[in-house]
Amino acid sequence: MPERKIGIVKWFNAKKGYGFISVGDQDDVFVHFSNGTMDGFKKLDMGDEVEFELK
1 MPERKIGIVK WFNAKKGYGF ISVGDQDDVF VHFSNGTMDG FKKLDMGDEV EFELK
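Mapping of the sequence shown onto the working numbering: residues 1 to 55, in sequence order.
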């Protein structure tokens, strides 16, 4: 079963479609726009709080 996490967008390059999410004292998590499940997902802004699953 995938593990749900909450983190903060550390940075995201909208042109390249990827970035990193900071999750407390754990390693940063790589994110790519193709992983987004929301309709119209194209970018994240630095400081956004996000909920996601680690697979």
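Just so you know, the hints here were simulated from the structure itself, not pulled from any lab data. Hints are supplied without guarantee of correctness; some may be wrong.
When the alpha-carbon atoms are kept at most 20 angstroms apart in a straight line, the in silico SDA-like pairs for lysine to any residue are as follows [what the hints assert, rightly or not]:
(1) Lys10 <-> Asp45
(2) Lys15 <-> Asp48
(3) Lys43 <-> Asp25
Taking CB as the label site, the calculated pair distances span [to be verified]:
(4) Pro2 <-> Phe33: 28 to 34 angstroms
(5) Lys43 <-> Met1: 25 to 31 angstroms
(6) Asp45 <-> Met1: 16 to 22 angstroms
(7) Glu49 <-> Tyr18: 16 to 22 angstroms
(8) Met1 <-> Val50: 25 to 31 angstroms
(9) Asn13 <-> Glu51: 26 to 32 angstroms
(10) Tyr18 <-> Glu51: 28 to 34 angstroms
(11) Gly47 <-> Gln26: 16 to 22 angstroms
(12) Leu54 <-> Trp11: 17 to 23 angstroms
(13) Glu53 <-> Gly17: 17 to 23 angstroms
(14) Glu3 <-> His32: 26 to 32 angstroms
(15) Met46 <-> Asp25: 26 to 32 angstroms
Glycine included, C-beta positions come from ideal geometry on N, C-alpha and C.
Hints and how they fare:
no.	hint	verdict
1	Lys10 <-> Asp45	9 angstroms, holds
2	Lys15 <-> Asp48	18 angstroms, holds
3	Lys43 <-> Asp25	24 angstroms, violated
4	Pro2 <-> Phe33: 28 to 34 angstroms	19 angstroms, violated
5	Lys43 <-> Met1: 25 to 31 angstroms	29 angstroms, holds
6	Asp45 <-> Met1: 16 to 22 angstroms	30 angstroms, violated
7	Glu49 <-> Tyr18: 16 to 22 angstroms	19 angstroms, holds
8	Met1 <-> Val50: 25 to 31 angstroms	20 angstroms, violated
9	Asn13 <-> Glu51: 26 to 32 angstroms	21 angstroms, violated
10	Tyr18 <-> Glu51: 28 to 34 angstroms	18 angstroms, violated
11	Gly47 <-> Gln26: 16 to 22 angstroms	18 angstroms, holds
12	Leu54 <-> Trp11: 17 to 23 angstroms	19 angstroms, holds
13	Glu53 <-> Gly17: 17 to 23 angstroms	19 angstroms, holds
14	Glu3 <-> His32: 26 to 32 angstroms	18 angstroms, violated
15	Met46 <-> Asp25: 26 to 32 angstroms	19 angstroms, violated
Hints 3, 4, 6, 8, 9, 10, 14, 15, counting from the list given before, are not met by this structure.
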